[in-house]
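Enquirer: Sequence:
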Amino acid sequence: MMFHPVEPEVITYEKVTVPVEGGNLQAALQLPVNVSKPVPVAIIIAGSGPTDKDGNSAIAGKNNSLKMVAEGLADKGIATLRYDKRGVGSNTALLTTEEGLVVEDYAKDVEALIEVLNKDVRFNEVHLIGHSEGAFMASLAAQHKQVASITSLAGAGRPIGEVLLEQLEAQSPAIANEAKAILAKLEQGEHVTDIAPALQSLFRPSIQDYMISWLAYDPAALLQQTKAKTLIIQGENDLQVKPADAKRLSDFTASKAVYFKEMNHVLKDAPTDPAGNMATYFNPTLPLTEALVPTIATFIKS
1 MMFHPVEPEV ITYEKVTVPV EGGNLQAALQ LPVNVSKPVP VAIIIAGSGP TDKDGNSAIA
61 GKNNSLKMVA EGLADKGIAT LRYDKRGVGS NTALLTTEEG LVVEDYAKDV EALIEVLNKD
121 VRFNEVHLIG HSEGAFMASL AAQHKQVASI TSLAGAGRPI GEVLLEQLEA QSPAIANEAK
181 AILAKLEQGE HVTDIAPALQ SLFRPSIQDY MISWLAYDPA ALLQQTKAKT LIIQGENDLQ
241 VKPADAKRLS DFTASKAVYF KEMNHVLKDA PTDPAGNMAT YFNPTLPLTE ALVPTIATFI
301 KS
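The sequence shown begins at 1 in our numbering and counts up one residue at a time.
Source of the hints: derived by calculation from the structure; they are not laboratory data. Among the hints, erroneous ones may be present.
Here are the computed lysine to any residue pairs in the SDA-like style, where the Cα-Cα straight-line distance is at most 20 Å [stated by the list, open to error]:
(1) Lys108 - Val88
(2) Lys242 - Lys227
(3) Lys301 - Arg122
(4) Lys62 - Gly77
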């Protein structure tokens with residue numbers, strides 16, 4: 001039997017460090033090649049959970065979706081900056097405890113990146129691309145820092161409490177009913193101690209401050225308050241966020257919504273059956289939906 005060494009990942013980006021609250025944020029700056037004039041740059045903001053700069057996590061699997069977005073945009077002449085969220089990967093040290101964490105903490109990281117990029121002479125515009133919860137973070141950061149545009153990739157269009165209840169209802173009406181009572185208290189800013197084992201991952205005491213802060217926002221209304229041009233992109237085979245969410249975002253902001261028939265939550269063509277759909281979450285070589293990157297690039301350059 002012969003063993004072949006695993007080839008290390010080819011690094012195609014520039015490693016950068018940005019001062020943020022509590023330390024320094026490590027990020028990956030993906031630059032177009034052979035460019036002699038300033039170009040647009042987009043900050044790619046990952047979704048919920050322990051998600052890294054490439055769109056991968058121990059929970060959702062390795063699919064490299066955001067890495068592919070960055071590389072695809074570089075080929076189109078657009079730079080990107082992506083990063084592991086605080087508490088994840090190269091930025092693990094920035095989050096020592098989840099207690100007391102609120103959504104604004106993540107948004108402030110985005111604001112710090114915007115500020116640095118706005119001062120960089122290599123770039124003529126700063127854009128935001130948010131995936132899933134990252135779309136919400138983009139809207140939140142854009143309340144305080146000027147950006148040229150926001151692209152929402154599979155971003156929820158309703159308050160998170162409503163989205164969670166819908167997802168839980170599909171799994172177990174009984175559990176959803178318990179969650180409804182918990183959410184009602186959290187929405188009033190009250191902490192909850194009596195939590196069923198099945199709901200501990202969602203509502204454990206250490207993340208209740210985060211949930212309380214998140215529940216206070218309506219993502220569609222928040223996006224409406226930004227001054228940036230907006231593009232909404234949604235896959236029709238997304239098991240987590242529905243086309244109705246994209247429509248609500250679009251209706252609130254009077255912005256264009258683009259729907260890809262076969263695309264799922266990790267931005268790849270997938271079947272409608274749950275098992276086949278979820279298999280794409282663990283496939284790092286499956287390409288993105290073909291029209292995704294060209295659509296984003298055209299919008300950013302428009």
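Enquirer: Hint by hint, say whether it matches the structure.
Expert: We went through each hint and held it up to the structure:
Of the pairs offered as hints, the one joining Lys108 and Val88 holds, with about 16 Å between alpha carbons and a cut-off of 20 Å not exceeded. A distance of roughly 25 Å separates the Cα atoms of Lys242 and Lys227; the hinted pair therefore is violated under the 20 Å criterion. As the CA atoms of Lys301 and Arg122 are separated by approximately 16 Å, the hinted pair is consistent with the 20 Å bound. At most 20 Å may separate the alpha-carbon atoms for a hinted pair to count; Lys62 and Gly77 exceed this at roughly 26 Å.
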